[in-house]
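Colleague: Chain by chain, the residues:
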Amino acid sequence: MFSASDLRKGLKIQIDGEPYIITDFEFSKPGKGQALYRTKMRNMITGNQFTQTYRSNDKFEKPDLEERTMQFLYSQDDEFHFMDTSSYEQIFLTRDQVGDNIHFLVDNMEVQVLFFGERPIDISLPIFVNLTVTKADPWVRGDTSGTDTKPVTVETGYQLQVPPFVEEGDKIQIDTRTGEYMTRVKE
Amino acid sequence: MDRLSLLAFRSSFLGAVRSFFLGSGYLEVDTPLRLPVLIPEAEILPFASEDWWLQTSPELCMKRLLACGASQLFQICHCFRKGEQGRFHQPEFSMLEWYHVHWNYQHLMEEVEALLSELLQACAHFPAVQDANSLVLHNGKISFAGPFQRITVEEAFQRYAGIPVARALEEDRFDEILVTEIEPHLGWDSPLFLVDYPAELASLARRRPDNPQVAERFELYIGGIEIANGFSELIDPKEQKHRFVREREMIEQQGRKAGPMPEGFLEDLALLEETAGIALGLDRLLMLFLGCSSLGDVQAIQLENFTK
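So the protein sequences, as listed, match chains A and B. Residues in the first sequence are numbered from 758 upward in steps of one, following our numbering. Residues in the second sequence are numbered from 202 upward in steps of one, following our numbering.
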C-alpha cells in the first residue's frame, strides 16, 4: 500500500482496479493548512488522463504489474501474437495496443510485454532494431545535386529518411523511440 | 547557478535582511531549535529529537521572550517540518520571524512593504530583480512600488472560486480550493496581501472586534507563491488554551500522540500586551529574487543530492 507521501512522478498506482502511472505531481501546503498532493495520472490500459488532489490520509494499492520477455510470432487481422520463450505460453495484443511499435516488429523479435495481473496491456521494444531496406532509389555516386536525405521503405513497410548512400538490401539500425535512422549495419 | 555565486547572493541577501531590522530598532535573538514542548498544530508534523522535538517555528520561544519585556524582536533560523517536500518545500528551511509590541497586523503589512522595498534595492544586481523595484517572473513583471494589493479571503473565494468561504469550510475544501483555484492568481502585477482569514483557521491570531468570524491574519503572495504569514497575535490565555485543546484533539484523531500542553507559554501570554507577529519564508523569497524554480536550489547545501 502506498500512502500520499509516497506519491511522485513515475509511480504506478491502482485506482478502481486499474493501473495508472503518475505523469505530474506537486506537493502543496497552504500556511497552517493541510498537505495536498496534486496528482496527474494516465490509465495504463485506456490511456485516459485525469487529475486529482489527494490528502495525507489517502492510500493507494500497488498494481500487479510485471514485464515478461516474449517473442513476436505473427499477426493475423487485428491480433499480434507473442510467445513466452520459457513457458511457451501464447498471448496476443490488438493493433491499438501495439501502436507505433508496428513499424518495427519483425518475426521472432524479442520484446517486453507488460502484464497487469494476467492481462497483457503494453509492449516495449528494444531501443534499437535492425531492419532491411526493401525499397530505395539507387545512389548515384558523385551526385551532389540532391538533398541530404532520401526516403526508403524497410521490411515492415515503414518509411523513413536516410542518407543518400543507403541502398536497397542494406540493413539499417533504427531508434524505436524516435523512428529515426541511426547507422548502417554490416553483417 | 554555480554554488559559489549562490553563496554570495545568499550572504548579501541575509545581510540586507539583518540590516533592515537592526536599523529599525529590533533586537536579533537566537532561540533553541530543540524543545521539550511545541505549540500544538494538527497540520504540522514535527521531527522528534530523542524525547524532545525540533522546532517547526520559533514562535513559542519568541513570544516567551516578549513576556520578559522585549518590544521588538527578530530571528533568522532553521525550522523543521516532517513530510514537507516539493518544489517550494524542504523539511529543513530558513525562516525570518519578527514581533512588534503595540502593533497590529496593518502596521506589519506596511513594514513588509518597507522591508521588501529595501531588500530589492540592496539586491538590485540579483538575476530576477529589475530596476531595483520589481521582480521578473515567468516573463511577467511584479512591481513592488507603492502599497501592495489587499483582498479579503471572502472576496478571493467569491472572485476566483465563485463560492462563499462558509461553504468551502463546510465541505472541508478550503485548502484545496485555495491552492488549486485561488493562489495561482495572487500577486502578479504587484505582491498581494490576502487578509482576514476565517477565525477557525488562524489559531494564534485574534479575532476582528468588528467581525468575530474572521481573524486578523494575512498572507503575502508573490507570483502565486505564499511568502509570509502574519497576525495580530492572540494574547488571551483562556482562548488560546481552548484552541490548543482543539488542536491536540485533532492530533489524537490522526492517530498521533499530542505533546504536552504548553502551560509555561500560556502563563507568559498573560503578560503580553497587544502584539503583531509574522513568519516569512526566506528561502522562498530568495528563490524569487534569484529566478530559481525550486526552493532546494537556493539552500547552501542541497540535501537531496548530498553524498554521504
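One or more of the hints may lead you astray.
Unchecked claim - 27 Å max Cα-Cα, derived DSS-like pairs, lysine-lysine:
#1 B/Lys442 to A/Lys769
#2 A/Lys892 to A/Lys943
#3 A/Lys892 to A/Lys928
#4 A/Lys816 to A/Lys892
#5 A/Lys819 to A/Lys789
#6 B/Lys458 to B/Lys439
#7 B/Lys509 to A/Lys766
#8 A/Lys907 to A/Lys892
#9 A/Lys816 to A/Lys769
#10 A/Lys766 to A/Lys797
#11 A/Lys789 to B/Lys442
#12 B/Lys509 to A/Lys789
#13 A/Lys907 to A/Lys928
#14 A/Lys819 to A/Lys892
#15 A/Lys928 to A/Lys943
#16 A/Lys797 to A/Lys819
#17 A/Lys816 to A/Lys797
#18 B/Lys509 to B/Lys342
#19 B/Lys283 to A/Lys789
#20 B/Lys342 to B/Lys458
#21 A/Lys819 to A/Lys769
#22 A/Lys769 to A/Lys789
#23 A/Lys789 to A/Lys816
#24 B/Lys458 to A/Lys797
#25 B/Lys509 to A/Lys816
#26 A/Lys943 to A/Lys907
#27 B/Lys442 to B/Lys458
#28 A/Lys819 to B/Lys509
#29 B/Lys283 to A/Lys816
#30 B/Lys442 to B/Lys342
#31 B/Lys283 to A/Lys766
#32 B/Lys439 to A/Lys789
What the hints assert, rightly or not - If you only want the chain A side, here are some residues facing chain B, beta carbon under 7 Å, derived:
#33 Ser760
#34 Leu764
#35 Pro787
#36 Gly788
#37 Gly790
#38 Gln806
#39 Thr810
#40 Thr889
Because the hints were derived from the structure by calculation, they are not lab data. Each residue gets a CB set at the ideal place from its N, CA and C atoms; glycine is no exception.
Colleague: Provide an ascending list of the numbers of those earlier hints which the structure does not satisfy.
Modeller: As far as the earlier hints go, 1, 4, 5, 12, 14, 18, 20, 22, 24, 25, 28, 30, 33, 34, 38 and 40 are violated by this structure, in ascending order.
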